[in-house]
Amino acid sequence: MAAIEVEGRSHSQTALVLFDLDRFKAVNDIHGHGAGDQLLRLVSDRFRAELAPGQTVHRMGGDEFACVINANAKDDAPQRLARRCIQSICEPFESNGLIHHIGASAGIAMFPATPMKLAR
Numbered sequence: 001m002a003a004i005e006v007e008g009r010s011h012s013q014t015a016l017v018l019f020d021l022d023r024f025k026a027v028n029d030i031h032g033h034g035a036g037d038q039l040l041r042l043v044s045d046r047f048r049a050e051l052a053p054g055q056t057v058h059r060m061g062g063d064e065f066a067c068v069i070n071a072n073a074k075d076d077a078p079q080r081l082a083r084r085c086i087q088s089i090c091e092p093f094e095s096n097g098l099i100h101h102i103g104a105s106a107g108i109a110m111f112p113a114t115p116m117k118l119a120r
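First residue of the sequence shown: 1, per this note's numbering; consecutive thereafter.
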């Protein structure tokens, strides 16, 4: 909620961009949770590389991540961010001598900048 309050102060809308990794479960199942954990760290690094200063990415659990960003009704920043992140995640990952090919899906929710309206 704090990130929503900070992001929502100066723009007409705030966007919540949710990401779900595709084919991540196979990495855990085939190579073990250690390999999966390392891959999640690499994924987080790639997400952070696509964000503007002051924006953050949060792991929600499992293979789900979320970003809260400033937006307005005429701005396609959330869509552009989602596309950049998905393109980055679709590039192969190298970890401990293994190459992993995963993907990502994204969903975007827009809401008024006023956190109190969102809380209701």
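Wrong hints could be hidden among the right ones.
To be verified - Beta-carbon label-pair distances, calculated as ranges:
(1) GLY107 x SER44: 17 to 25 angstroms
(2) ASN96 x GLY62: 33 to 41 angstroms
(3) GLY32 x GLN79: 20 to 28 angstroms
As the list claims (entries may be wrong) - In silico SDA-like pairs for lysine to any residue, Cα to Cα no more than 25 angstroms straight-line:
(4) LYS25 x MET60
(5) LYS74 x LEU42
(6) LYS25 x LYS74
(7) LYS25 x GLU64
(8) LYS25 x GLY61
(9) LYS25 x GLU91
(10) LYS74 x GLY61
(11) LYS74 x ASP37
(12) LYS25 x CYS90
(13) LYS25 x SER105
(14) LYS25 x PHE111
(15) LYS74 x GLU91
(16) LYS74 x ALA109
(17) LYS25 x ILE99
(18) LYS25 x HIS101
(19) LYS74 x LEU51
(20) LYS25 x ARG41
(21) LYS74 x MET60
(22) LYS74 x ALA35
(23) LYS74 x HIS101
(24) LYS25 x GLN13
(25) LYS25 x PRO53
(26) LYS25 x SER12
(27) LYS25 x GLN87
Just so you know, these hints were derived from the structure itself, not from any lab.
Beta carbons: idealized from backbone N, C-alpha and C, even for Gly.
Checked hints:
The hinted range of 17 to 25 angstroms is satisfied by GLY107 and SER44, whose Cβ atoms lie roughly 19 angstroms apart. For ASN96 and GLY62, the Cβ-Cβ distance of about 21 angstroms falls outside the hinted range of 33 to 41 angstroms, so the restraint is violated. As the Cβ distance of GLY32 to GLN79 is approximately 35 angstroms, the hint placing it in 20 to 28 angstroms is violated. A threshold of 25 angstroms between alpha carbons decides the hint, and for LYS25 with MET60 the separation of about 16 angstroms falls inside it, so the pair holds.
Restraint check: the Cα-Cα separation between LYS74 and LEU42 comes to about 33 angstroms, which exceeds 25 angstroms; the hinted pair is violated. Distance hint between LYS25 and LYS74 is unfulfilled; the C-alpha atoms sit about 37 angstroms from each other, more than 25 angstroms. Among the hinted pairs, LYS25 with GLU64 is consistent with the structure: their alpha-carbon atoms are about 12 angstroms apart, no more than 25 angstroms. For the hint linking LYS25 to GLY61, the alpha-carbon distance of about 13 angstroms falls within 25 angstroms, and the restraint holds.
For the hint pairing LYS25 with GLU91, the CA-to-CA distance comes to about 17 angstroms; that is within 25 angstroms, so the pair holds. For the given pair, LYS74 sits about 31 angstroms from GLY61 by alpha-carbon distance, which is inconsistent with the 25 angstroms threshold. With a CA separation close to 38 angstroms, the supplied pair LYS74 and ASP37 exceeds the 25 angstroms bound. Distance check on the hinted pair: LYS25 and CYS90 sit about 15 angstroms apart at the alpha-carbon level, within 25 angstroms; holds.
Proximity of LYS25 to SER105 is assessed by CA-CA distance (about 14 angstroms); at most 25 angstroms being required, the pair is judged to hold. Simply put, LYS25 and PHE111 have alpha-carbon atoms about 31 angstroms apart, too far for the 25 angstroms limit, and the pair is violated. For the hint linking LYS74 to GLU91, the alpha-carbon distance of about 30 angstroms lies beyond 25 angstroms, and the restraint is violated. The hinted pair formed by LYS74 and ALA109 meets the criterion: a straight-line CA distance of about 14 angstroms does not exceed 25 angstroms.
A threshold of 25 angstroms between alpha carbons decides the hint, and for LYS25 with ILE99 the separation of about 15 angstroms falls inside it, so the pair holds. A threshold of 25 angstroms between alpha carbons decides the hint, and for LYS25 with HIS101 the separation of about 12 angstroms falls inside it, so the pair holds. Proposed proximity of LYS74 and LEU51 is supported: the alpha carbons are some 20 angstroms apart, at most 25 angstroms. In summary, the hint linking LYS25 to ARG41 is supported, as the alpha carbons are separated by about 15 angstroms, within the 25 angstroms threshold.
Taking the CA atoms of LYS74 and MET60, the gap is about 28 angstroms. The hint is violated against a cut of 25 angstroms. Distance hint between LYS74 and ALA35 is unfulfilled; the C-alpha atoms sit about 41 angstroms from each other, more than 25 angstroms. This hinted pair does not check out: LYS74 and HIS101 have alpha carbons roughly 34 angstroms apart, beyond 25 angstroms. Only pairs whose Cα atoms come within 25 angstroms are accepted, and LYS25 paired with GLN13 is rejected, the gap being roughly 34 angstroms.
For a cut-off of 25 angstroms, the pair hint linking LYS25 to PRO53 is broken: about 31 angstroms separates their Cα positions. Proximity of LYS25 to SER12 is assessed by CA-CA distance (about 38 angstroms); at most 25 angstroms being required, the pair is judged violated. For the suggested pair LYS25 and GLN87, the alpha carbons sit about 19 angstroms apart, so the restraint of at most 25 angstroms is met.
When the structure is compared with the earlier hints, violations turn up for hints 2, 3, 5, 6, 10, 11, 14, 15, 21, 22, 23, 24, 25 and 26 and for no others.
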